[in-house]
Amino acid sequence: MANDREILRELWEGKLPVCFKLDLDEVVEMQQPDPFYLMVSRVSYFPLVIDKVRKHFLRYVASDKMDQVMWLDYNGQPLKWHYPIGVLFDLLVSVDDLPWTITAHFEKLPEEHIYDFKTKDDMEAYFKSCLKEADVLKFKGQLVSSMQIKDHKQLWMGLQNDKFDQFWAVNRKLMELSSEYENFRHIPFRCYVGDGYKQALVKPVFENGQHKTLKDLLDELFPGKQTKIKTHGINPPLETPLQWMSEHLSYPDNFLHLCVEVC
Amino acid sequence: MPSSILFGINNEGRVHTLSTTGSFWRELPYGGQEFKKLSALPHFLWALGGDHQIYVYVHGLDIPIRVREESYENERWYPIEGFSSKLLPTDRHQYSDASGSTNRSMDTIRLPSMAWQWEGDWKLELSLEGQPLDHNGWTYAMDFPSQFHPKKQWTSCVRRRLWVRSRRYSAMNSWCAIAPLHKDATSEPFIDISIGGQSVPGAEEGTMLVWAITNLNRVMFRMGVSTKSPEGIRWNDVSVPLGCEICQISVGSTGLVWASLACGRALVRGGVTRDNLQGSNWIEVRNPAANLRIVQLSVGTNAIWALTHDKHVWFRKGVRGESAGVSEDCAIGSGWIEMVGTMTLLSVCANDQLFAIGADDRRVYFRTEVTQSDLTGKRWKTLTAPLQVSRASSNASLNRDKFHRSIQMLGRPSSMYEPASLRDYNEQSHSAPTAPTSLPLNDASTKFETQPKNPKAWSPIHSVGSVVGMEVHPETDESIWSECSRDSCIFGDDEELGWAEYEAPWSWVEAGACIIEHSQIPNWFTIANGSSIDELDQPWRNKILDALKYRLNDGDKYVDYEMAVDTSSWIQTGEARVSLKKSAYFECCLQLEWQENSGTLTILNPDGASTLASFSLSDISCIQNCSEPGNPRLTIQVPRLSPPEVKLQFASDNSLEEWQTHLHVTCSKIHNIVGKPNDSCVWSVTKLGDIFIWDPTELEKNQLREDEFYVQKYDLSGKESPIKVALRVGCNPGSVITLSGCFSEDAERIGINLDADSTYKIRSKAHVELENTVLHINPRFSDDFVVRNTMIDGKWGKEERDGVMPFARGQEFTLKIVTTEDAFILFVDNQKFCSYRHRLPPQSVSHLSIWGRIQPYRLVINSPQIIIDPYNVFWRQIGGHVRKVESCNIGVTWAIGYDQTAWVYTEGWGGGFLGTMESHNIHPMTDSQDYRVYENQRWNPVTGFASAGLPTDRPMWSDASGKQKRLKDQVKLQSKHWQWISDWMVDFHVPGGVDKDGWQYAVDFPASFHSNKNFTDYVRRRRWYRRCAVSTTGPWQELGHTKLLDVSLEPVRDDLDTVVSVWALASGGQPMIRVGVSKHNPMGNGWEHVSSEKPLSSISCGPFNKVWATEKKGCACVRVGITEDTLEGEKWIGVESPSGGALKQISVNTIGIWAVDNLGRLHVRINVSSSTPQGTHWQTITPDPPVLSSGTHTKCFKQVSVSRIGVWAVTDGGSMVRRLGICPNNPAGSGWDIFPSERWHYISIRAFN
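Residue numbers (the working numbering), protein chains in the order written: chain P, 5 to 267; chain Y, 8 to 1256.
Heads up, a few of these hints could be off.
Said to hold, decoys possible - Think about it this way: if two alpha-carbon atoms lie no more than 27 angstroms apart in a straight line, the pair counts; the simulated DSSO-like pairs of lysine-lysine are:
id	chain 1	residue 1	chain 2	residue 2
1	Y	LYS130	P	LYS219
2	Y	LYS385	P	LYS234
3	P	LYS229	Y	LYS385
4	P	LYS59	P	LYS136
5	Y	LYS550	P	LYS232
6	P	LYS207	Y	LYS983
7	P	LYS157	Y	LYS550
8	P	LYS154	Y	LYS983
9	P	LYS216	Y	LYS550
What the hints assert, rightly or not - Label pairs and their in silico Cβ distance ranges:
id	chain 1	residue 1	chain 2	residue 2	range
10	P	THR123	Y	SER1038	53 to 61 angstroms
11	Y	THR580	P	ASP27	51 to 59 angstroms
12	Y	GLY348	P	ARG13	53 to 61 angstroms
13	Y	LYS970	P	SER133	41 to 49 angstroms
14	Y	SER1038	P	ASP126	40 to 48 angstroms
15	Y	TYR557	P	ASP27	29 to 37 angstroms
16	Y	ARG939	P	LYS177	52 to 60 angstroms
What the hints assert, rightly or not - Only some residues are given here: those of chain Y computed to face chain P with a beta carbon under 10 angstroms:
id	residue
17	ARG558
18	LEU974
19	GLY1141
Source of the hints: derived by calculation from the structure; they are not laboratory data.
For every residue, glycine included, the Cβ atom is placed at its ideal position computed from N, Cα and C.
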């Protein structure tokens, strides 16, 4: 069970300073808008945190664009905002480039690259589907499907309002091992390589009951290759047990998001 | 969950223990005897030795087992000789019991066995019903079956006196052999033993049932086994049906007995009830299949488990232990169900949890997920607790050699060399002791209190141990019990070396003394479980944590960045039902708005359009749960507003707790309450068992200070005379009251009074109010002088009117009243005007009142003492459910639950509804309570007693008063945290006594009930009860197994490292002191029993050398001879009870000795001085009208708490009051300050100084 509160809390508290700028081509006012500085949570999603940014930039864009979705790019690359913010940062940016400068757009949403999240409900639906997938991997999906709407709501509102206790009060149940399962059936994870990510069915223990470590997972996925792993802005030691990692280092969607650099 | 013990026997026949709070098996000190079988209840272990004799082991009891033997000496009066021991032939024996029916000649009263010792010689009882008798102890009556009186009258023809002598079970913490059946112990050895029956429905508390089987297949029932008589009296042969050869027997917690037969079938004992503990008949039950023989059975409460000879496990469905005595179907169940797994032994706990020993690996298994709804559980889990071997134990090499040698020398085969199996008895040799036990001689004459503190220095095992030529080394074996109960005082603490771990094959496991919940499994399965505490020390974990912490190491650069999610202000909305001004509940919307550092609670109409009430969270003084079953409710106290309390009813417990949490968290923020509460907190408990604290230092911080004074300022401008201002503090010497104002042009007579609370006298059954004015200042402008006077009980005294008139009409003035030890000194415009000698104690001043043509501006009180305004008190809730809390001024705090469990405060906070959020150092807690309903019946000539009453009668199912209808099936639990732990059962322990079906009889309903039906009795009733338990969390740790009635704590010195003197009463009323309690060790080390002839009901200590207690009979007693070195003191001295009342509860401290009696009156001990430390008499304080109107249904006082500086009390209606005006001249004080909140049950202000 995920009971190492210190780690969980520390993960939750992870923040990134972001400097939002509006695409200059889209500015219709005479005056240039000031950049908007914001501390965002690593474990959250961009659609949940950019309301203030949008409000700030709104009066500088053409009135017919005002009801458009505001999307983001970094270095000309549209941000896949269905990834957790921390994942995007670990993939694209290095700590030396802080604050993270992101350009906001109201026009020409690149629908082929990113999801068209018009409202937070769309984001919630996506988040829920991730949870469900993770649960299927861990416990054949019995937990999420038996969860009450109220609990779903609490989980989502906890994430949205940055309430650790509220979120974990529910998430704890999803991470709890029952008498039926001494370990998760499979570890829900995504290994980001290049432009996409790799997923596979990996059990947390070997046939003989011995616990697998992060190294074992990498050996299974990238046999014979040297890899470098980053998640939550850190390089977890390779001897970390997978089961523990899944319980403690998963993002709120219950997935381990590992950014892999194959050497 | 109290810690408890699982027992096991390894393949060498050595007994091991595994505590639910530990994770290692530890060996019980070896005393030279191997064991084959064990059967246990908490504290009582019965075993079948390797020699096939029966042994008892009593352990872990804090209170010695003591039995008081009584013998009444009877005499009759004859005209010439006077009283003589010659009695009439029709009279009773010269020495008899209380009823006179049996001979109790003192020389025939012997110790039941050698495990008992006398404590002193026969002594006379020198009091009757709390009243002292003369030194001969005689009580007089007209004739024998009569009421005896302390005084001789002319009609007194007989007299009697009571001789008492106590005996004590001295074989505690050691094996004690039970006498064999025959003189030659080997002629009929035993083959099985089982103990149970600790909860036979309705049976006397402490009853235990022991069954055994001999090798002649005779079934033996041990008569008279109870907690007061651990070895019982004798074996009783219980006949079995012809041709039945019983091999093994098991008795469950409710007395249900199952036995397995040689033919493979089972026998069930039917009709085990409280009246017939042996049961009445055998019922045969078939084996699961014709070819499967049952070889072992284990009986829990509702679960019966069996093993067949092929080692398969079977569950018997349909058994209901509580009804097994009256219903055959419930005793035998309805069928066998096979379970997976192969085992060689099964053992069921009282709560039906199952342990087993694997058939092949000989490891101990636990059945997971056994619940009352699914008694069969889910799967087997291996216990992985390793065995710890101490150097002192049998497995250390030295002892092992010795043991081997001695065995070989005796040429005696031992179970040690073979895996113990259940069927190899006959080849064993037997060398049982010929006498039960023997004791060292020198103990017999010493009194208990002077005995060595360490009763382990000897052991009756010597006689048994000599069989193998070994002795125990008790001083080296502390660790076995220390985990579960530090105070079970068996072993010393000095064994550290030589621990080793090894895995042993087990031959026996015994779970009868083990209480575990399927939801709170002990730490016995660590390896199988994925995560454990070990992970916290793993290097990879620490690397990750460090890396996470330094992710944004130059975070300071970004402090100006706005947070994406703003958590500093928020709004919480919801729906509820509200009751304002005690109205009915109606729908409303709730809105809690929080911004930065302040918040507002708004109650709106359901449509949200209009506001019903709205107040700032800083106005809230207390948020109390006031739920009734099925109606989750909160009371929010806003004493300064109107209405002063708002009650909210929620749709569910969850929604209640959500709001409770929000309100608690926000109110705590407003009051700057974070973390650990201050040591000097006042603790209180509500009627629902919720715990609250008030931190006086918070008040102190917020109170104005000028120099040495606490200052309170009132702006009175704009107020019209007459005015009455509550001062909240008396005029203690040193205090200064300054009043400024202006007299009108037309001012005539003006009154400026310092009033005390009125005296109330009862005249013709009504209270008459008699006013008291301590200082009356009365400027009379037409007469040109100022009158000073005092009114005592409505009567003015002699006026003082000398001095020049300092005031003038139409002029402003400043009046300063300085209180000194013996007088008030009055200054007008900074000129001394006069002084006025005290006629009433100035401390009793409670109000300032002003009348006449005057406009006051400003009132300033400078008091050397803190001014406590009850309206400024904020109560913070702490998790847990208890009945009472006691604290002391260095912050060591204990609590006692409704189930009499003692809890020690961990200095944490939170828990309960707060869950793990905002909590620190919290632990799981349980408590239990009984629901009671009365079944009422009336007699009619046709059908006899029937449940049809007269129309005027009470409901046929009612509460105790008969006013409320209470149906058994409609009784609801308080909240989701409670659950039933028993069925409805008839209560046989009702005051007044009951008949065999639990009925009590009376002439008519509102009457006193008695146990026997008389000719004139037309009604009867019986009480049913059902027990429920709550599980919650709180910053409390369970102390141990000893149940407590009362506790009192007092530091010996004033520094923080001081020892705390802790006096407590065990559930039987025996006084004890806790050794080694201090701030750093709030749980202390162990109990030390203090002898007391009479059971006590309440105890209080303060200062440490002053200990008062109340006896159950109602009088008080004082412990004398207490010094810093002998905290337990020397002896008790009796103090009479106040006239017409029996004392129930007492609280003492430097400020005085206060007690509550059974009529709800308060009594204060008067004339207490260093020469008369016991005082001379009680002064009675009856509740006066202000107290009676302080809360709904308030009729009397319920509890009082006394600190060094104050006296606070709680009334039966739940209001909290504070005594005013206490001073050395008036130890009883005068008047009450009443707190604005209700529903209180208990208060402890002992830490508040």
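Hints and how they fare:
1. Y:LYS130 to P:LYS219: 81 angstroms, violated
2. Y:LYS385 to P:LYS234: 41 angstroms, violated
3. P:LYS229 to Y:LYS385: 44 angstroms, violated
4. P:LYS59 to P:LYS136: 33 angstroms, violated
5. Y:LYS550 to P:LYS232: 16 angstroms, holds
6. P:LYS207 to Y:LYS983: 38 angstroms, violated
7. P:LYS157 to Y:LYS550: 34 angstroms, violated
8. P:LYS154 to Y:LYS983: 18 angstroms, holds
9. P:LYS216 to Y:LYS550: 18 angstroms, holds
10. P:THR123 to Y:SER1038: 53 to 61 angstroms: Because 42 angstroms falls outside the window, the suggested range is violated.
11. Y:THR580 to P:ASP27: 51 to 59 angstroms: Violated, since THR580 (chain Y) and ASP27 (chain P) (Cβ atoms, about 39 angstroms apart) do not stay within the stated range.
12. Y:GLY348 to P:ARG13: 53 to 61 angstroms: 42 angstroms, violated
13. Y:LYS970 to P:SER133: 41 to 49 angstroms: 59 angstroms Cβ-Cβ, so the 41 to 49 angstroms window is violated.
14. Y:SER1038 to P:ASP126: 40 to 48 angstroms: 41 angstroms, holds
15. Y:TYR557 to P:ASP27: 29 to 37 angstroms: 34 angstroms, holds
16. Y:ARG939 to P:LYS177: 52 to 60 angstroms: The hint (52 to 60 angstroms, Cβ to Cβ) is violated, given that ARG939 (chain Y) and LYS177 (chain P) are roughly 38 angstroms apart.
17. ARG558: Holds, about 5 angstroms.
18. LEU974: Hint violated; LEU974 (chain Y) Cβ to chain P Cβ min 33 angstroms, cut 10 angstroms.
19. GLY1141: 56 angstroms, violated
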